[in-house]
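Participant: Take a look at the letters that make up each chain.
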Amino acid sequence: MNIKEYFTKKEKAFSNRKDKNFLLTSVILGVLFLVAIAIAKPQFYAFRNLSSILIQSSAVAIMAAGQIYVMVSGGIDLSIPSVMMLSGCIGAYTMRETENIMLGVLAIMMIAILLGLFNGFSVAKIGINPFVATMITMIFSNGLSLRVTKSTSIPVLPKFTELFGKYYGPFHANIIMMLVCLIILQFLLTKTAFGRSIYAIGTNEKTAQACGIKTGKIKIQVFLISGIMAGLAAIALTARISSSSLSLASDGTSLDVIAAAIVGGASIKGGVGTVLGALIGAFIINGLSNLLVLFGIDYYTIQIIKGAVFIFITWFDTIRANARRV
Amino acid sequence: MEKRMYFEARNLHKYYPGVHALNNVTIVADKGEVLGIIGINGAGKSTFMNALAGEICIDKGTYYIDGKETIIRNQNDSGKCRIALIHQEAVVFKDMTVAENIFIYNLNKYTKAGRIQYKRLFEDASKYLSMIGADIDPKEIVKNITIGEKQMIEIARALVRDAEIVLFDEPTSSLSLDEKENLFRIIGELKQKNKIVMYITHFIDEIMRICDRTVVMRDGCVTGEFLNEDVTTKELVTGIAGQEVETIVNATDKRDKEIVLKVENLNCYPVVRNVNFAVKKGEILGLWGLLGSGRTEIVRNILALDKPDSGIVYKRNNKGILEKISGHKLLEECAYVTEDRHLDGLFMQMPIWKNISMANLKKFEHFIMDEQKERDYALQMINEMQIKASDENVLVETLSGRNQQKVVMARSIGKNPDIFFIDEPTRGVDINAKSFIHKKIVELAECGCAIVMISSELEENLNLCDRVLIVRNGEIVAEVAKKDISKQKLMDLCQGIREEVKYE
Chain A
1 MNIKEYFTKK EKAFSNRKDK NFLLTSVILG VLFLVAIAIA KPQFYAFRNL SSILIQSSAV
61 AIMAAGQIYV MVSGGIDLSI PSVMMLSGCI GAYTMRETEN IMLGVLAIMM IAILLGLFNG
121 FSVAKIGINP FVATMITMIF SNGLSLRVTK STSIPVLPKF TELFGKYYGP FHANIIMMLV
181 CLIILQFLLT KTAFGRSIYA IGTNEKTAQA CGIKTGKIKI QVFLISGIMA GLAAIALTAR
241 ISSSSLSLAS DGTSLDVIAA AIVGGASIKG GVGTVLGALI GAFIINGLSN LLVLFGIDYY
301 TIQIIKGAVF IFITWFDTIR ANARRV
Chain B
1001 MEKRMYFEAR NLHKYYPGVH ALNNVTIVAD KGEVLGIIGI NGAGKSTFMN ALAGEICIDK
1061 GTYYIDGKET IIRNQNDSGK CRIALIHQEA VVFKDMTVAE NIFIYNLNKY TKAGRIQYKR
1121 LFEDASKYLS MIGADIDPKE IVKNITIGEK QMIEIARALV RDAEIVLFDE PTSSLSLDEK
1181 ENLFRIIGEL KQKNKIVMYI THFIDEIMRI CDRTVVMRDG CVTGEFLNED VTTKELVTGI
1241 AGQEVETIVN ATDKRDKEIV LKVENLNCYP VVRNVNFAVK KGEILGLWGL LGSGRTEIVR
1301 NILALDKPDS GIVYKRNNKG ILEKISGHKL LEECAYVTED RHLDGLFMQM PIWKNISMAN
1361 LKKFEHFIMD EQKERDYALQ MINEMQIKAS DENVLVETLS GRNQQKVVMA RSIGKNPDIF
1421 FIDEPTRGVD INAKSFIHKK IVELAECGCA IVMISSELEE NLNLCDRVLI VRNGEIVAEV
1481 AKKDISKQKL MDLCQGIREE VKYE
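For the record, the sequence lines run as chains A and B.
Numbering follows this note's numbering, with no gaps: position 235 of the first sequence is 235.
Take the position in the second sequence, starting the count at 1, then add 1000; the result is the number in this note's numbering.
Errors might be hidden in some of the hints.
To be verified - Sample of chain A residues at the chain B side, in silico, Cβ under 8 Å:
(1) 45
(2) 191
(3) 192
(4) 193
(5) 196
(6) 197
(7) 206
(8) 207
(9) 209
(10) 210
(11) 216
(12) 252
(13) 274
To be verified - Pairwise CB distance ranges, derived in the manner of DEER restraints:
(14) A/319 with B/1108: 34 to 40 Å
(15) B/1073 with A/38: 29 to 35 Å
(16) A/319 with B/1320: 27 to 33 Å
(17) B/1016 with A/255: 33 to 39 Å
No lab work stands behind these hints: they were computed from the structure.
Treat the numbers as computed from the prediction; the structure is a model and nothing was measured.
Ideal Cβ positions, reconstructed from N, Cα and C, are used throughout, including at glycine.
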């Protein structure tokens, strides 16, 4: 064995060991945390509570799944919750005016798809930085929502709530929708050439281009998907709370969606992340809020604690990724 | 006790993932000496320079400057040791004036009440410029001056900082002949001023001409040290190569083969101007020019990776007829090996198997990606290209340079196209891998592939190409047939010393 091989080997052994330690530590910490909750607040594990966490996180989870696509391709989409809110408001407005569910659903999806395509074009064809492009869409959507709703709450048709917001057997419609999205998106991302191309673009866009991957087209498709997810989330959310208003997307939601993706293992730099991770991220975020409410902590403190936890998780993950790389 | 030299670097080590870039390197130099450091790409000479300049930090080893142990961890330390590096491509701020660039480290000395005193700045700048005999207006914006003049800025900058050790990293690679002569004169003057000059290059004739002593590096080690007066060119060559290496020569005759690719009137102002050429089946066509001559841009424009202003590309279709083809389509059908594998050649954080199948995803997609097939295929290519890796899951970033380059080649070959565009096929790989890659290229040509090759290495053009097109300022200025290819001729043509008949 020459010295070169020796050092490579030594380096590898070192990084693997470090990686394993990190994984082990995180699993132990996680289990300890869950056990601690079981002792302190057993009601957290009540079926009804868990099921309500699932239902509450479904909209964020669906949006985070769309966000994952954009982030894996190396971009970021700030506009998802705003697009969701705008399409929800316009959908509710359409339904109120026409008394027709189909038209309402159509309006929701049309708006979401259009804005998704707009984001895609701005980024892929014109070459605007994704952060800026989607921020513009976000501001635009927020403004337009205000105009449409005039700061009031627009109720949706009862039939719409019944269709998309009730229980089918033991499952809430939102959960079914979330699971279907999860399965389809996870499949597309990990099993198809399309998905592989997205990872390729996020890892090294120039190489992807030189390999003959149509980077522009795929980036548009990626933003289209995140738009569609915003539309689906709008349907789920408006049906659950049976009205549309500006409160659909509070200022925190936009960050919740990105946080869910990052907590779930995606990277701002692109190239990594899975849809499953985004869903787990969404559950962690909502579970945490739920838990803190159980402890009787007020909203503002919850935000502070949430921030601290995210910092911890992302630091941990970054350190781990660096250790793996060496 | 032996006499201490002014500068000593002892037992330096530097590790990169999978590479021992500097292996126990000891290099010493004394004042008033021009030290040549020579070696092939990837021998570790640039790593050594970058370490001295503080751009990277060595893992082990000591520097002694003026007899004192010194630590160089970053550019600041390096500046304090009065070391200045003249980069291969000058590091300049292209929207600032020449004078501002020269005094970029000392601008605060020219500042009074928060304002830069331009009059004094310009005066001093012309003083330094005339010191090195450079005729540049200090008020000029840097983006308007030539590459050679940018280099003068860096040299002036080194003088301003009163550098004792001046490092030159392949300074002549993009200079015209006059500029080169001027540079040699300046190096001579630096020597007279009792400075240490370290000169990296892979041109032996330059070493023989200006250096007093030469250090040969190979695979991260110092493998030889010669006083220039008692060494012959031949000895240096053997020292650099390390061993007798099989030289691959492409010898087949392709005179009556049909044309498979034809480029007409390709323009992308100002980097590509009116480019016309054709490639025959089984032919290796070289594009030769200096760095920045537009050779890479020609290929990128053909493949529509850059947007050409005008130009038509024809490709021979199945029926044997030349047919107009769009750049995107051509990119799908041909193989493109890029110039810089770090920039746009590889997915560093992906395993080998994903890298190899990436140009060819559709072939492996049967409703879902057939990962098993991809892996089997990657293993097959790993064998065929003799890539040294334990299995197909190894991340590409942990491979050594030559194996990375082989992965890039494997991806292109695996596509099984009939046209290859290969930009710098052997950049930064050692001599054995080089010969292996050359063999592959000749094999491809023998199988009837048309190959457009860009290479900075003269030998590669001499040994492999059936024809060489000379590129200067984005234009194809001459064509040299195989029988006429010679070192001197290629050098002269690309610098515009000799004019040749234009290619029709």
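Participant: Now, for every hint given, state plainly whether the structure supports it.
Facilitator: Evaluated hints:
Taking 8 Å as the C-beta cut-off, the interface hint given for residue 45 of chain A is violated, the closest approach to chain B being about 37 Å. With a cut of 8 Å, the hint placing residue 191 of chain A at the interface with chain B holds, because the nearest CB-to-CB distance is about 4 Å. Interface restraint check for residue 192 of chain A: the shortest CB-CB distance to chain B comes to about 6 Å, inside 8 Å, so the restraint holds. A distance limit of 8 Å between C-beta atoms decides the matter here; for residue 193 of chain A the minimum to chain B is near 4 Å, and the interface restraint holds.
Hint status for residue 196 of chain A relative to chain B: holds, with the closest Cβ pair at about 6 Å, below 8 Å. Satisfaction of the interface hint for residue 197 of chain A is found here, the shortest Cβ-Cβ separation to chain B being roughly 7 Å, below the 8 Å cut-off. For residue 206 of chain A, the interface hint holds, the least distance from its beta-carbon to any beta-carbon of chain B being 3 Å, beneath 8 Å. For residue 207 of chain A, the shortest C-beta to C-beta distance to chain B is roughly 5 Å, which falls under 8 Å, so the interface hint holds.
Interface hint at residue 209 of chain A: satisfied, since its Cβ lies 6 Å from the closest Cβ of chain B, which is below the 8 Å cut-off. The interface hint given for residue 210 of chain A is met, as the beta carbon of that residue sits about 5 Å from the closest beta carbon of chain B, less than 8 Å. Interface restraint check for residue 216 of chain A: the shortest CB-CB distance to chain B comes to about 10 Å, outside 8 Å, so the restraint is violated. For residue 252 of chain A, the shortest C-beta to C-beta distance to chain B is roughly 32 Å, which exceeds 8 Å, and the interface hint is violated.
About 15 Å separates the beta-carbon of residue 274 of chain A from the nearest beta-carbon of chain B, more than 8 Å, and the hint is not met. Distance hint check: the CB atoms of residue 319 of chain A and residue 1108 of chain B are about 38 Å apart, consistent with the given range 34 to 40 Å. For residue 1073 of chain B paired with residue 38 of chain A, a C-beta distance near 51 Å fails the hint of 29 to 35 Å. Distance hint for residue 319 of chain A and residue 1320 of chain B: a CB-CB separation of about 60 Å, inconsistent with the stated range 27 to 33 Å.
A beta carbon spacing of about 38 Å between residue 1016 of chain B and residue 255 of chain A agrees with the range 33 to 39 Å that was offered as a hint.
Hints 1, 11, 12, 13, 15 and 16 from the earlier list are contradicted by this structure; the remaining hints agree with it.
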